[in-house]
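Heads up: the sequence lines are chains X and A, in that order.
Sequential numbering from 92 applies to the first sequence in my numbering.
Sequential numbering from -12 applies to the second sequence in my numbering.
If you are wondering where the hints come from, they were derived from the structure by calculation, not from laboratory data.
Be a bit skeptical, because a hint or two may be false.
Stated by the list, open to error - Listed below are several chain A residues computed to face chain X (Cβ distance under 10 Å; list not exhaustive):
{"#": "1", "residue": "Arg10"}
{"#": "2", "residue": "Leu12"}
{"#": "3", "residue": "Trp14"}
{"#": "4", "residue": "Lys40"}
{"#": "5", "residue": "Leu41"}
{"#": "6", "residue": "Gly43"}
{"#": "7", "residue": "Ala44"}
{"#": "8", "residue": "Thr46"}
{"#": "9", "residue": "Leu49"}
{"#": "10", "residue": "Asp53"}
{"#": "11", "residue": "Gln55"}
{"#": "12", "residue": "Ala58"}
{"#": "13", "residue": "Phe66"}
Unchecked claim - From chain A, some residues computed to sit far from chain X (all C-beta separations above 12 Å):
{"#": "14", "residue": "Pro(-1)"}
{"#": "15", "residue": "Thr1"}
{"#": "16", "residue": "Val7"}
{"#": "17", "residue": "Asp50"}
{"#": "18", "residue": "Lys60"}
{"#": "19", "residue": "Glu104"}
{"#": "20", "residue": "Leu137"}
{"#": "21", "residue": "Ser142"}
{"#": "22", "residue": "Asp150"}
Each residue gets a CB set at the ideal place from its N, CA and C atoms; glycine is no exception.
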Amino acid sequence: MTRPPLVPGDTAPLREALRGLRFLLRRGGATVADTLAIEALPTPAASLASRVLREAEGIARSVESVAAKAARTVLGGQDSPSLSLDELVARPTAEAEFGQAIYLALSVVLRRLGAADFFVSEMAARSAFAVWRDDRLAGALSFHAADLTLRLLEARVIRGAVADKAGRIQAQDVDAVAVFAVLLWLQATRSDSENEAALDAAADIALARAPEVTDTVRSGDMARIAALYQRYVDHV
Amino acid sequence: MSKVRLHDDALPATNEPLRVAVRRLRWFKAAFRRHAEAMAAELGCRFEIDEAKLAGAFTRWLDAIDVQRPADKSRRREFFEFAAALMMRELTADMPLSAIGVPDRAQPGSPAAFWPEGYCCTIFCLSVHAAATAQEFHAETKIDPAIDDLRHWWSFRENTMQDASFSAGFLQLLLGSPPNWMMPDVFRARIDGTT
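Same shape as in the complex, but just chain X (with noise of 0.2 Å):
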């Protein structure tokens, strides 16, 4: 059955502006609360303080809801794709798609994961995978995945993560444990009905294998990250 394409218009550059936008209104909020030792200042010193965070944190506010409410606007279908990396590659919005997918799938994982917060770069992840496409040849999948998760952590594709206080997983490794479930699930053979169940499978499995999995994606050898696909995907 063919399916019909997810993006159909090219709404991307403009909700990662957002999404950028508010990311940084969220960092940006914490961070001032975080840094302001007001408790230690004097106290004319403190109230002033105290006001001007207040207001700056009601500015952030409304202007974050400002723009969560355009980027639900132009964001259109929020489902995860059930499309397969190789149903992917063959279609030709496969770009597009694979950018919301991965988009998607990546923040339903690092939530997963226990990040407190971050930022998904989808344009970032097309353009990781419009080089990644052009530039493969024959193989086997495992391998090209192997590929495409080296190509995606390089382009930075998840930025600004924080882990939870909850210690499932250290900081550092965050991106490459969810680049790693997400590229699992787009192997998996799943159906429609199955995919969200997929995801968190995967997500599951990689947060399981979290030493394992960072250690051999962090070793850049394709041939040992193509071995590890191969020996989870099946198991989703």
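Given chain X, put chain A in place with the hints provided.
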């Protein structure tokens, strides 16, 4: 043969053979969750599932199967049973279940009342094994009466707390196979196995 009730009816439907489905985490998690819900309703308590621990148990189980699977195809059925024992070992090694509340529908002094989490995991492993065995070998799984004997459960819980491999032996016992208590989680060391 024990009359204990297995919960193979709580296993999710799948188009794949169960031996394949159970090695997919998405099915395994759904099966475990539905099973825990069914057991909770039966026992009158609630079970919380730690999904990270469950995924950890699942991946360790895959490793154990790969390492121990015999090359000799004639031992496939025997290993089928052993795979259930290995699943039991991994679930008890880092228990993904916590019982919330008192299991007030369980008979006082019963294994379920004594250790609800261990009982739930045991019935899960037996249920999956029974369903897969019926599908693959058209055979009924018979559960040893030891499952109803609280003394076995005292020993099971106490020993498993010290060494999770004990639980692999316990499951083999419940399936009617005498375990090698020196190495209950080593397939090559089974009493009736060939080495």
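Structure-based check of all given hints:
1. Arg10: 6 Å, holds
2. Leu12: 4 Å, holds
3. Trp14: 8 Å, holds
4. Lys40: 9 Å, holds
5. Leu41: 8 Å, holds
6. Gly43: It holds, given that the least Cβ distance between A:Gly43 and chain X is near 5 Å, below 10 Å.
7. Ala44: 9 Å, holds
8. Thr46: Holds. Min distance 5 Å.
9. Leu49: 6 Å, holds
10. Asp53: Holds, because the Cβ-Cβ distance from A:Asp53 to chain X comes to roughly 9 Å (cut-off 10 Å).
11. Gln55: Hint violated; A:Gln55 Cβ to chain X Cβ min 16 Å, cut 10 Å.
12. Ala58: Nearest chain X Cβ about 19 Å off; hint violated.
13. Phe66: 18 Å, violated
14. Pro(-1): 10 Å, violated
15. Thr1: For A:Thr1, whose nearest Cβ neighbour in chain X is about 10 Å away, the distance does not exceed 12 Å, so it is violated.
16. Val7: About 8 Å separates A:Val7 from the closest Cβ of chain X, which leaves it inside 12 Å; violated.
17. Asp50: The assertion about A:Asp50 is violated, with a minimum of 9 Å to chain X.
18. Lys60: 20 Å, holds
19. Glu104: 20 Å, holds
20. Leu137: 34 Å, holds
21. Ser142: 30 Å, holds
22. Asp150: 22 Å, holds
Hint compliance for this structure: hints 11, 12, 13, 14, 15, 16 and 17 are not met, and every other hint is.
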